[in-house]
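*Asks:* Residue numbers (the working numbering), protein chains in the order written: chain A, 6 to 331; chain B, 6 to 331; chain C, 6 to 331; chain D, 6 to 331.
Honestly, the hints are just simulated from the structure, not real lab data. Hints should not be assumed to be uniformly reliable.
[What the hints assert, rightly or not] Per label pair, the in silico range of CB-to-CB distance:
| # | chain 1 | residue 1 | chain 2 | residue 2 | range |
| --- | --- | --- | --- | --- | --- |
| 1 | D | G22 | A | R102 | 28 to 36 Å |
| 2 | D | G295 | C | G65 | 14 to 22 Å |
| 3 | B | D266 | C | E173 | 30 to 38 Å |
| 4 | D | E237 | A | A323 | 27 to 35 Å |
Note that the coordinates shown come from a computational prediction; the quantities given were computed from them, not determined experimentally. The beta-carbon is built from N, C-alpha and C at its ideal position, and this holds for glycine as well.
Number of protein chains: 4
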Amino acid sequence: MAETKRPTSPAAEEILGGYFPVLDHGFVSLVDYMGTDEDIERAARVSYGYGTRKRSATRGLIRYLRRHAHTTPSEMVEFKFHVAMPIFVARQFVRHRTASINEYSGRYSLMPLVFYEPRHQEFALQSRSNNQGREDQPADASLYAAAIARWERVRAEASDAYGWLVQEDVARELARIDLPLSTYTQWYWKIDLHNLLHFLRLRVDAHAQWEIQEYGRVMAGMLARVAPLSYEAWIDYEVLGARMSGAELDVLRGLLAAEDDGITARPGRRNPDELAAAGLSGREVRELIGKLQSVKRPDFTLDPADMRTAEEMAARMAEAVPEPSG
Amino acid sequence: MAETKRPTSPAAEEILGGYFPVLDHGFVSLVDYMGTDEDIERAARVSYGYGTRKRSATRGLIRYLRRHAHTTPSEMVEFKFHVAMPIFVARQFVRHRTASINEYSGRYSLMPLVFYEPRHQEFALQSRSNNQGREDQPADASLYAAAIARWERVRAEASDAYGWLVQEDVARELARIDLPLSTYTQWYWKIDLHNLLHFLRLRVDAHAQWEIQEYGRVMAGMLARVAPLSYEAWIDYEVLGARMSGAELDVLRGLLAAEDDGITARPGRRNPDELAAAGLSGREVRELIGKLQSVKRPDFTLDPADMRTAEEMAARMAEAVPEPSG
Amino acid sequence: MAETKRPTSPAAEEILGGYFPVLDHGFVSLVDYMGTDEDIERAARVSYGYGTRKRSATRGLIRYLRRHAHTTPSEMVEFKFHVAMPIFVARQFVRHRTASINEYSGRYSLMPLVFYEPRHQEFALQSRSNNQGREDQPADASLYAAAIARWERVRAEASDAYGWLVQEDVARELARIDLPLSTYTQWYWKIDLHNLLHFLRLRVDAHAQWEIQEYGRVMAGMLARVAPLSYEAWIDYEVLGARMSGAELDVLRGLLAAEDDGITARPGRRNPDELAAAGLSGREVRELIGKLQSVKRPDFTLDPADMRTAEEMAARMAEAVPEPSG
Amino acid sequence: MAETKRPTSPAAEEILGGYFPVLDHGFVSLVDYMGTDEDIERAARVSYGYGTRKRSATRGLIRYLRRHAHTTPSEMVEFKFHVAMPIFVARQFVRHRTASINEYSGRYSLMPLVFYEPRHQEFALQSRSNNQGREDQPADASLYAAAIARWERVRAEASDAYGWLVQEDVARELARIDLPLSTYTQWYWKIDLHNLLHFLRLRVDAHAQWEIQEYGRVMAGMLARVAPLSYEAWIDYEVLGARMSGAELDVLRGLLAAEDDGITARPGRRNPDELAAAGLSGREVRELIGKLQSVKRPDFTLDPADMRTAEEMAARMAEAVPEPSG
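Whole structure, please, built from the sequences with the hints as guidance.
*Replies:* Next up, the structure:
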């Protein structure tokens, strides 16, 4: 522990440097942060400085900023994570180009032979409704068992090949080319609050691949400890909110009269054909109905009891590294 | 005219290199573009390639991508503009850091002494409702006349000082430091479609300073000629659309029953107190009522008859450059 | 072919849309470009506008800009490529976050079962001198043959597993997780000239993995056709140039007297011990000696006879896609 | 003072939140930082993790990374500054688009009427040798006095106009448009170490406008307290280093024989004509000769005795804000 004049967040300090397991062999650790909710206000107040008379409380300001997409003040808070994840998940992370990344190098170092294996409950058929996702219900246990058996064979073969190539001192940059996408890699990943919220909104969404959602949920829990008001505003305005198109708003306007003194429902009803006639595609009709149905408030609270130490995590990975040559 | 295998848009070619006047002495010219709506589809189809069975039409795909914030394909279209604007407007442009800029250099070159002068119809008092804007109605004519007289004095003094310093061969980087923020500068400004839409959404919005809105409107008209389907989707989903928070959606859910077979208004009413009790701040109540009231579809169509030539614009600026020393 | 008022480069038009093979199954195609050397000058001249008296030729200006790292004008030229490469190469590309990418989706689409297999001449042991590379000379033929045999087994196993999972209609996002890193993927990749030069300098360098160098060389050849003066300046100032540290310059200053009327060698010699005493680490001594030895001018000229058609490339990939389920 | 598990730098803590004056009314304050030299090593070691045998010391690693332009680990350290500077300087800062900025808003708030006035020693004629700079020697005292007199008139006129417009409650976004570019603005400015070094290299360079150099020098002094090894490597490899083109290296190769056992001067001499014949332009000949002449090691050490408090700086600015209406 050191003394600092910098802003600190006790709830964040409590988990700083702890490792939260994700999936079967992965983890997320918050290794550093810069700033808290108060620093967002402080940055925004530069623009609100001399000659203005009143000061909202931090919470009101942060909610106002988020609601109106005034995002620059939230760039003033930074997060640094240490993350271990399967390569196919890492390939989804890197689409977010505003993060800084330092990844473990398979050219320089030996890869730990650690692979992600889906559990039965996540093993599902191609979704009928979402062309890039999976069904909500798991596939048959027998299909799962057969898949696991095949995956085990691929991994055994790939591990053998890698171990042998490394023993023969073949260049590591070549030895690794047949490792499967399920192999775990790791990196330092740094991002500001504004871009983290954008990442999380896309990645805790039900349309994201389930495996990356798992990482998003842990990071959201860390965010809640560094900047709780920003977290709350993000849940209220973005996670629980929805965008309405002009045509959707027109449907609402037909059913609701909005005046300065309130909003009144106009007796009426729109069936799917009428919604289509209002310019919504079939998919948009289903989307609008979905937005008007209740959703559950998500809870990304972390349990500090889940934390592991850096040493434990490092040891697990180190054990899985094959023997180098000579 | 040259022959090319690249995708072209005839409506864009019609205005390419023409100069559209903006404000009293500014302009926007589309000097180049890369790609059209079809190229967005082409880029998105990489992800939709082999093994998929059906192909939506370009329009449906572009609307789907915009609705779901799948923005990477729209990064594949680029725009390059030549823009002249007052320095205070230029300072608002540069907040959009995803554009590439080459600005006229006041260190190397002499500044044309051309200043922006607001018209009476845009000269207004500080807004009572929007803490950073102006009232909708112009201020008194006498106040306007007095302001213009003062501005003329500032500009005459600043022009004299600049002209004299330049005659004396004082370093240009120093001679220019007392030019007013209303002085026109110019630059090349290049941006991709995704980031242009983000810029335009913020800058044609009524909360933006009126002067930069004027630039946004002309650029939106140019966009409509390069990528008309993207333009249409942007109007429908973003300009005419609105974001609803979780609390706002809950209000709608209380007044509307949404089932698979349609949406039915439930008899009921929410007055401002009830809306506040539902968790909306006073400002949010007004915002929600505002979203449920009708808005007019904007029209950013350009009239090619407004175009001027590069030579005419260059000559006007050149005339306003003071005589250099020696 | 269409008519355009935009700047075109005949040498680029000649290869536009043609597919240049790279490695055993990959390719690079230049699918679009915006601007040429003249547009870099045009953008830079905004800053060099009124009140300046002379105009250098385009070549002199472009060389001056490159020498002095005035890079913003070269952001005004854009390239769009279609590239197919092994996933381990794609993972090196994405470190360059200034490019826009649309990648083929293994969640939505079926992956073609096409894998990169190194040739014997590129199959080498871990380098003794470069901790992340490979030796210059290939490894024994027998070792190569054994490695190929092992890789074939991994690929056969992984292909079988993927084909079977897809037949069973398992979610594609899961079916693909055991494909090896040698599997080919593809994407649209768009970047501006400034950032392309930065990418190429790192990726045609001998320290980059040989496989990505192959992509860099073809892209450099395409650059030479779009913006030949920028290409030439890049070769002269960056590829053939080198950075000297303060300590290295001090060594040179001890051996060379530089006056306004010329540079004269001072009789003298510095052996490695003396260089170390001057503050250079052992590795820096070797690097300095290396910089002072001759290098060959690289030649990235493309041969249009190597071009293939889009249809041929698409057909090859399509054949390698496994049969989807029923 | 709070306790933290985060890495801290005692030398940085000593000046944290202190205000260092720059120019006549400006300042730079380091308000927060994240990480130190050790964190650069920590990030880089992810890539150097398991299976590698030796560990260089932090200093050697940081020097190696900088020399070889392995810049991603240095993105892991962040700086947050509060800066007040004339608008013409602010316009040079924003060209560095990798920084996050929250600027004082002239639309929302009243501008303090504080202007930058060059001292005689910085008031110089247009440079004969550098087309965008000023001569090294100051201009005549009489010319300086005349310029100051003219500037005072411009500022008095502009201040009067602004004060009157604000009294009349004219919209602030309009009232400010005739303030001169010498008016001070302020902002929060956050950037990572990699991008800060790039900014500083360009902005402490003699070709940058002297006024922004002054800001660069103070920031460099702050950097030296947060990450002293990175600072030292930056001075050695970048500030004191130089880039040599292929043609320049060929000149050196003609005068120096470099073998594994050392570097030997070959008797010889190259006069400017011979250098031109080797492919160097006239300007390049002068540049090469310049690189081979001695330079002084810069010293950006800060004196904590120069620090002012936030309160003092805020009070000075607040005093200069005109009286608002009503």
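*Asks:* Any hints this thing doesn't respect? Which numbers, in order?
*Replies:* none
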